[in-house]
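K.L.:
Letter by letter, the chains look like this.
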Amino acid sequence: MMHSFDITIDELSKIEGHASLELKVQKGEVKDVKLRISENRRFFELGVRGKKYNAVPQLLSRICGTCSAAHLMCSIESIERALGIKPSEQTEILRDLTLNGVNIRDHAMHLFLFVLPDLFGKDSVLEFDDKGYEHELLQKALEIKRVGNLLSTEVAGRAVHPPFPTVGHFLHVPSKDKAKSIISELKKIRESAIEFVHIFYEKDFRFEMPDIDFMAISSKGYSYMGRGICTHSDGYCIPDNDYNRFFKERVVPYSQSTGFSFQGKPYMVGALARMNINGTNLHSETRKSMTEDNAFPSYNIYHNNLAQAIEIVHCIDSSIELLERCEFKQENLRKFEAKECEGVGAVEAPRGTLFHHVKIDKDEIVTYSNLVIPTAQNQVIIEKAIGKMVEQRISEDKGKKAIEKEIETLIRAFDPCMSCATHFLKVKWSEK
Amino acid sequence: MKKKLVIGWFTFTCSEDNTILFVELFNQYYFEWKDKIDFKHCKILKSKNEFGNFDVAFVEGAISTKREEDKLLEIRDNAKKLVAVGACACTGLPSGQRNSFNEETLAVIEPFLKQFRLRKKIVPLSDLVKVDDSLPGCPMVPNQFVSLLGRYFQEFKVK
Chain A
0 MMHSFDITID ELSKIEGHAS LELKVQKGEV KDVKLRISEN RRFFELGVRG KKYNAVPQLL
60 SRICGTCSAA HLMCSIESIE RALGIKPSEQ TEILRDLTLN GVNIRDHAMH LFLFVLPDLF
120 GKDSVLEFDD KGYEHELLQK ALEIKRVGNL LSTEVAGRAV HPPFPTVGHF LHVPSKDKAK
180 SIISELKKIR ESAIEFVHIF YEKDFRFEMP DIDFMAISSK GYSYMGRGIC THSDGYCIPD
240 NDYNRFFKER VVPYSQSTGF SFQGKPYMVG ALARMNINGT NLHSETRKSM TEDNAFPSYN
300 IYHNNLAQAI EIVHCIDSSI ELLERCEFKQ ENLRKFEAKE CEGVGAVEAP RGTLFHHVKI
360 DKDEIVTYSN LVIPTAQNQV IIEKAIGKMV EQRISEDKGK KAIEKEIETL IRAFDPCMSC
420 ATHFLKVKWS EK
Chain B
0 MKKKLVIGWF TFTCSEDNTI LFVELFNQYY FEWKDKIDFK HCKILKSKNE FGNFDVAFVE
60 GAISTKREED KLLEIRDNAK KLVAVGACAC TGLPSGQRNS FNEETLAVIE PFLKQFRLRK
120 KIVPLSDLVK VDDSLPGCPM VPNQFVSLLG RYFQEFKVK
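Chains A and B, in that order, are what the protein sequence lines are.
At the far end of the first sequence sits residue 431, using numbering that gives the first Met the number 0, and the numbering has no gaps.
At the far end of the second sequence sits residue 158, using numbering that gives the first Met the number 0, and the numbering has no gaps.
Calculated from the structure, these hints are not laboratory results.
Backbone N, C-alpha and C define an ideal beta-carbon position, used for all residues, glycine too.
Each hint can be trusted.
One-sided and incomplete, this derived list gives chain A residues near chain B with beta-carbon spacing under 10 Å:
| id | residue |
| --- | --- |
| 1 | R40 |
| 2 | R48 |
| 3 | G49 |
| 4 | R61 |
| 5 | C66 |
| 6 | S123 |
| 7 | V124 |
| 8 | L125 |
| 9 | H134 |
| 10 | Q138 |
| 11 | R145 |
| 12 | A158 |
Computed footprint of chain A on chain B, listed as stretches where at least three residues anywhere in the stretch have a Cβ under 8 Å from a Cβ of chain A:
| id | segment |
| --- | --- |
| 13 | 83-96 |
| 14 | 100-111 |
Computed, partial: chain B to chain A, Cβ under 7 Å:
| id | residue |
| --- | --- |
| 15 | S14 |
| 16 | E23 |
| 17 | K47 |
| 18 | P138 |
Let the sequences and hints guide you as you build the complete structure.
P.N.:
See the structure below:
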C-alpha cells in the first residue's frame with residue numbers, strides 16, 4: 000500500500016518551549032518536514048550592546064529558565080577570556096559543581112517527566128499508579144531532581160538564574176558543613192540514578208542514523224566547561240575561539256530559530272554526542288558501577304536519553320569527589336586592565352555545545368554579542384531524523400497514528416529547548 | 000467526587016523560568032498537589048490537554064504577537080482567576096527589552112517584526128486583561144507561589 004498523508008502537530012508537548020511540526024508524505028516518500036520553532040524572538044544579542052560587561056552574564060542567563068546556569072557560565076567565560084582574567088582553581092571547581100547540578104536537575108526533568116511516560120505507554124506522569132512500582136519510581140525520580148536542585152542552590156545560590164557565579168569568581172562559597180550535607184544527599188540518590196540507567200537501557204526505543212556526525216567539547220574528566228578544543232566524531236579538532244570559521248548558519252525561513260552545519264554537513268550536539276566522543280572519560284566510579292556505557296559510541300538517537308541517565312550518575316560521582324576534596328574560602332576578584340578586546344566562551348550545556356562570543360570596548364562596554372545555541376544546531380538533524388524515521392516506519396507498514404506518536408517521542412529524545420533557540424539576531428558567517 | 004482546583008498553565012514570550020520552577024516545586028509537593036489539583040491544561044506535563052472552565056489560569060511571559068494577545072483574552076474569558084507569573088508577565092521585561100532599542104537597532108530587527116508579525120511593543124498581561132494576582136520576580140519566589148496556591152485551595156474549597 001502506498002501511503003500519502005499530511006501530519007500537523009500544532010503544539011508539541013513535554014518539551015521546553017513552543018514548537019510545531021508539518022510533515023507531507025506522498026506515495027510512501029517524505030516530501031517535506033518543517034519543525035517550526037514558534038517561540039518569539041527576544042533579541043538578547045542586541046539587548047546587551049551598550050551595557051557594562053559585568054551586567055551581561057545575568058541578562059543572558061534570562062535567555063532560558065532551564066539552561067540559565069549554562070548561559071551564565073558561558074557568558075562569564077567569554078568575558079574572562081576577552082579581559083584576560085584567569086579564574087582560580089577553586090572558581091573552576093565551583094563552576095564544575097554548578098554545571099553538575101544543572102545537568103542532574105535538567106536531565107532528571109527531561110527523562111523523568113517528559114520521557115518516562117513514553118516508556119510506560121502513558122501520556123503523563125500524572126497517569127502513573129498511586130502505589131506500587133510506578134509510584135516508587137516517581138518518588139525516586141523526584142528525589143534525584145530535588146538533590147540536583149539542592150546542589151545548584153547551595154553552590155550557585157539558586158537552580159534557576161543563579162546569583163553567585165560572576166566574572167572572575169563566586170560571590171559566595173559553600174561552607175564545610177553545607178558541603179558535607181550535600182555529599183550525604185548525593186550518596187543517597189546514587190543507587191536510584193543507576194537504577195534509571197538500567198531502565199533507559201532496557202526499555203527505550205531504537206532508531207539509528209548511521210550517517211550522522213557529532214560535536215562536543217573535549218575534556219579530560221568529562222567536564223562541561225570548555226577547555227579550548229572541540230572535537231568532531233572523526234577526531235577533527237578546532238579551537239573553540241575559531242567557531243565561526245567552521246559552523247555555517249542555515250536560514251530556516253519558517254522558524255524563529257536558525258539552523259547550523261559543520262563544514263557543510265548537519266550534526267548533532269548533546270549528551271549522545273558527549274558520550275560518543277568523551278564516554279571513556281566518565282568518572283571512574285561511574286564506569287565501575289555499570290556496563291551500559293559500552294553502548295557508546297551509538298547512532299541510536301534514543302540513546303540520547305540513556306546518555307543523559309548515565310551523565311546523572313557521572314555528575315553525582317564527580318560532585319562527591321570535588322566536594323570531599325575541597326575546602327572553599329571566600330576569594331577576591333582578580334585585578335584586570337580594561338581594554339578593547341573580544342573573547343569566546345564554550346561550555347557543554349545540558350543539550351549540547353554552547354558558544355558565547357563577546358566584544359568589549361576600552362570603557363568596559365559590550366559592543367557585540369553572538370551566541371550559538373545547542374537546539375539551533377540540532378534543528379537540521381531533527382528534521383532529517385523525522386523524515387528518515389517516518390519513511391522507515393511506512394516501510395514497516397506502521398499506521399499514521401503510530402507514526403505521529405513516534406514523531407513526538409523522537410523529537411523529545413533530542414531534548415530540544417525552544418526558549419534558547421530563539422533569541423537570535425541572524426549573522427552571516429563564511430564557511431571555511 | 001472530591002473537588003479539585005482546576006488549573007491551566009500557559010506561557011507566552013519568556014525564558015520559561017517560572018515553568019521550570021513550578022516543575023521543581025513538584026519535588027516537594029507533587030503527591031499533595033496531584034490530590035488537590037486538576038492539571039487541565041499543562042503542556043509541560045502532558046499532551047492531552049483540555050481548554051476551558053479553569054478555576055485559575057497561571058500565565059507566564061509577556062505578550063509579543065496578536066496571536067498571543069488573542070489567546071490571552073481567551074484564557075481570561077475561561078478562567079475565574081488569572082495570575083501573572085514572573086517578571087515578563089508582570090512588567091514585560093526582560094522580554095520587552097526591544098521596546099527601548101534606539102532607532103538604529105530597531106531598523107535591524109524591523110524585518111523580523113514584519114516576518115513573524117510581532118507587535119510593535121511587547122506588553123505585560125495587565126495592559127490587555129484584568130490580572131487577579133501577580134507573582135513578580137525573575138523567577139518568581141517559590142514560597143509566594145505555594146502560599147497563593149494555598150489561598151486558592153481555601154477560596155475554591157479544595158481540601
